[in-house]
Amino acid sequence: MQTATTTHIPFFSRLRLRLTALFLVVAIIPIVLITTIVARQVEAQSRSQIFNQLESISILKSQQIDQWLQDGREQLALFLVSLQHDSATQASLFEHATSTVRQIADASTSIDDIFFYNPQGEVIFSSDEVLVGRVVNRQSYFDASLVEDHLQAPFFDVSSGTLALIATSPVYNGDELIGVAAIRYNTEELNRIMFERTGLGETGETYLVSRENNYFLTASRFEGYTLNRAYTSAGIEQALGGQVGSGLYGDYRSPAVSVFGNYRWLPELESGLITEIDEEEALSALNQAQVTIVILAILVSAIVVFVGFIVTNILTRPISQITNSASAIAQGHFDQRVLLTRSDEIGVLATAFNNMAQAVQDRTLQMEEARDEALAAQRIARENSRLKSEFLSTMSHELRTPLNAIEGFTSIMLSGMGIELSPRAEDMVRRVSMNSKRLLQLINDFLDLSRIEAGRLELVKSPVSPEGLAHKWQNEVSVLAEGKGLEFIVNIDPNLPPIILGDEDALSKVAINLLGNAFKFTQQGQVTLELSCISGGWKIAVSDTGIGIPSHAREYIFEEFRQVDGSSKRLYGGTGLGLSLVQKLSRAMGGNVSLQSEVGKGSIFTVTLPLEVETIAQGAAV
Amino acid sequence: MKRIVPVIITIILISLVACSPTQVATPTPAPTAVSIQLSWINEYSSSVFHTAVRNGHFAEQNLEATLIEAGFNDAGFIDPIQAVLNGEAEFALSNSASLIEARAAGQPVVAIASVLQRSPLAVISLPEAGITRPEDLAGHTVSVADGGARAVYETLLLTQNIDASTVNTVARTSFGIEPLINGEVDAMVAWIINEGVAVEEAGFDPQFILMSDYGVDTYDFVVFTTETMIAEHPETVRGVVTAVREGAQDVVDNPAQSIENTLTYNSELVQAEQLRRLEATIPLMNVPGHQLGGMDAEVWQFTHDFLVERGILTEPVDVSEVYTLEFLPNDAA
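If you're matching them up, the sequences are chains A and B in order.
Letter by letter, the first sequence follows residues 0 to 621 of numbering that gives the first Met the number 0.
Letter by letter, the second sequence follows residues 0 to 332 of numbering that gives the first Met the number 0.
Simulated from the structure, these hints should not be mistaken for laboratory data.
Treat the hints loosely; a few may be bogus.
[As the list claims (entries may be wrong)] Just a few of them, taken from the derived set where beta-carbon distance is under 8 Å, the chain A residues facing chain B:
hint, residue
1, G132
2, R133
3, F154
4, S158
From the three backbone atoms N, C-alpha and C, an ideal C-beta is built for every residue, glycine too.
Taking the hints into account, I'd like the entire structure generated from these sequences.
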């Protein structure tokens, strides 16, 4: 009975898992790719937008600063025009100008003061009287101011304690330099421009850094970073190096604070305009968008997996049903059927399976019936065989008893014990004796064969001497050699152990049968008995120079009652049981018999046997 | 006696610093020992030198600098000029007026750099006095210490065409600011970087008339040495000027760290007070158009001229001999 194959499938080999995984992979790969591409595009766009926004703010600030500077210059120009309109005496010019500069300075938010100093640097008049009398000849703008229009870069003015930005213009009376008109910008306006931080979030800022020692000219929006102190960053260095551009770099607060920055060199102010926003804040919207994208991707993946699971279930459930039915059938439940009412390929498969199951059920039923019949026949045959063997055994025994009596009496008669036989009578008695011996041998062979076939042959192993056996067999058959004038050669392998274990009777029957056959079918030449070692055992080989056995006969030569042909039986005599007995006994002893023969040249029968050596009771050898 | 303890401590500290591993980075040849006589005790006003030593700028010049603080000892005020002339120090700090006076007295001292580019001297007042420009001084009481400060003050009045008799100028007898904040005087002539900050610390809003704004400018914290040193060891002089300039740059860049350097020389100082004063000093050190340590000929000339006009110098001297720009970078103003 074939055992049913179980339906256990390794977890990772299950179709449901594989199909679900396939759905997942097929869905995930494009989703991941699309998500990554979209996320990167969004990031690139965000970064680009941040830089663009910073640049826009930076440009706007620089334009506002330009406007502020331009406005100051216009106020200075206005002042210069008012001076030229009054070409009276210098004293009256100054007196008039004082009121003029006050009006101009009061009217403009771009400037704090307008003042005028003589070529020696002494302030002659000013919109702020405090400045009158001061000497500016050691101010950094002084020398340049005497020559041409000049804008002094912002500097921290010790006197006012504030950031100062001065624009100057020399004033001539004809060719004579009479002094320099100067305006002091309202740097609060600069702070106002810088502090307008629309679009810069919580961490964004714009500030000005002076080339003079990297000083901050406008305040940081962060506490602890004071004006007029040196700070540096990659953006500051780039700006002060005259560069315009954008970048992501560590802030002046700490290299660990990464900022998006736009840097711009403002030549007129000899300062860098920096517009920055912390990366963390700038990218917060991007991070949120990326999180949303990832969540969406996960949701889509989950939906795909769910749909994949459902579809896989639809596909694999009938397969499982068919599998379970197949397993049930394999376990002997031939009436198992798949209950599926579908019109698709799976429905067709189920119908085909059911048809197959019906066919299997029918065929199995027939086979079981045939098997039962065969078993019954086998039982009868065995019984017949047993009865035959028993009959043969009984018959043989019953036959042997009278034969023994015949043999006994003929032997007495031939021995001349009390009976005087005429030569003719003696010849007849000898014939009776010889035939009774042949009949007895025949019966013995029958008995052996019947015992073997009946399974009652019992081999008794005991220590025997191969050499002793050989001599014994030589003695028994020497009469045959002498009778036919054949040479009988016995070769014993000196390497053969002196004592081996074996059933002497069985060995003798094998050897005597083979020798008997050899002498029987050999008319001239010789017969050789060879006992020798072979790999893993030993052998008894009997070779002759007889008629040989044709190749077609070698297939049945060992069958019972078979000789090469019927004529040989008649010519050479014998029952045809000898070689069959040799083969059966050889196999019963764990060996076998083989034949080499050539017609007209002779035959070699070789019995190979396992070698068992008696190591203790050598003294019991034959 | 009160001054002796910090002096001893300072000397010990200087000795320790001089012997510390960071100071004995000994390139070959062996560093040249130089001693620098400060003009006052170890405090913010000498932070440039403390920082130059502590940050290794003297060592970079293969110099082993020893700083000697000044102030008062049992013998009285320690005069840096006399210390250099006596051979107690190779270099020292003084001011432009004192150095011109020393040259006039035949003493071979030569200025080589000036830590301050503008004088910190100002007329300091409170807002209620209404003193925003020199002419506002008329009718007010102003306290001025005798000596150089008074000469500068009188020069201011002179250059601004103010009749000195209209101002009630009184002698300043206290180093403190109490007379001003107590209303005993309307204004006082003092340093914005010291008394000016002190008035702010006292909770007032000081008004300044900065002398230098009116062209009355002199040099303070001037590094000088002797003609002999310049003639015989010009590389040492150049090394000192370079180290001082780099120390000044460190102070400008990082005043807080500089004050920490100063505190290692004088642990009795109050760090916050010192930092405020140093931060007030930096704008006078680092002035647009003037490099650190630089000197202008016109300031020296002005100083000389007002000394002559004030009668402090009886005979004019050759101002160009009082200072040299030789050891400053070529673009020194």
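Now for the hints, and whether the structure bears them out:
| no. | hint | verdict |
| --- | --- | --- |
| 1 | G132 | holds (5 Å) |
| 2 | R133 | holds (5 Å) |
| 3 | F154 | holds (4 Å) |
| 4 | S158 | holds (5 Å) |
The structure meets every hint from the earlier list without exception.
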